[in-house]
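In my numbering, the protein residues as written are 1 to 243.
Careful, some of the hints might be misleading.
Unchecked claim - Calculated pairs, BS3-like style, for lysine-lysine (alpha carbon to alpha carbon, straight line, at most 27 Å):
1. K117 <-> K102
2. K117 <-> K135
3. K77 <-> K41
4. K135 <-> K102
Keep in mind that the hints were calculated from the coordinates and are not lab data.
Model, not experiment: these values are computed from the prediction.
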Amino acid sequence: VVNTTRRIADVRFDSLVSVALNALAEEEFEEAHQFFTDALKMRPDSLEALDGLVQADQGMRLGQIALAQVRATAFEKRELWDRAIQQYLLALNSDDSLEFAKMGLSRARARADLDAKFEGLFRNPDVLFTDQILKDAGILLEDARGIDGRGPRLNGQIAELDRLVRLAATPIDVELRSDGLTNVTLYRVGSLGSFMTHHVQIRPGPYTALGSRAGYRDVRVAFEVLPGNTLSPIEIFCVERIN
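Start from the sequences and build out the full structure, keeping to the hints where you can.
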C-alpha cells in the first residue's frame, strides 16, 4: 500500500513538473508558477521545481515590466500623465534600475505638473488679473510651446490659456466721474487729481478709488473690471462734511 501511494505521488509530482515546464516553454508564467508551487508542496527539496519556480518568477516579473512599458507609452500618447506615472512606478517596483522607467517617470511627472498648472488656471481664470500670475502664465505658455510632439490636449490648453492671457492683459476703458472738488486716487494706477470726468485704460481686475477733500470724509469705491463687460461710470464724491 505504501509503495502504491508513493508511486501515485511520484506520478502526480512528475505530472505537475511536466505541465509546469510546458507552461514555462509557452511563456505562461503564472500557470507555471502555480504548478511548480503545487509540486514543491509535495517535494519541498526538489531542485527541478525550485529552479522552475525561479524561472517562472523571473518571467512574470519581466512580463509585468514589458506590460507596464506598453501601457505607459499608450497613456503618454493619450496625454494621461497620472496613469502613465502609475505604470512607470509599477515597472520600477519590479526593478528600480530600469532606465526607460526612470526617464519615463521624470517625463510624465513634468507633464502632469504642466497639465495641473493649466487646469488650475482654467478653473479660476480671475487669478490672471494679478500681475505676477499673469506673468507666470506667460512663462507657462512659453515653456509649453517649447515642447516637441505636443498632443491635441496640450495644444488645446495652449490656445485656451493664450486667449485668457490676452483678455487679462488687454486694457479696458473705464469712465470715472467726480465733482471737480474731490481729489481721486486709483489704487494700482496712481493719483488722478480732481475732475468732472476722467477716462482710464486699465487691465481687468479689482480696483479701489479713494476720494479725499478738505473738510469732508474720505470715500472709497471698489469696483471690478471684467473682460467683455460694459462698466457703468464710477462715481467718486466726497459729500459728508466733518463736524
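Hints violated by the structure (numbers, ascending): 3, 4
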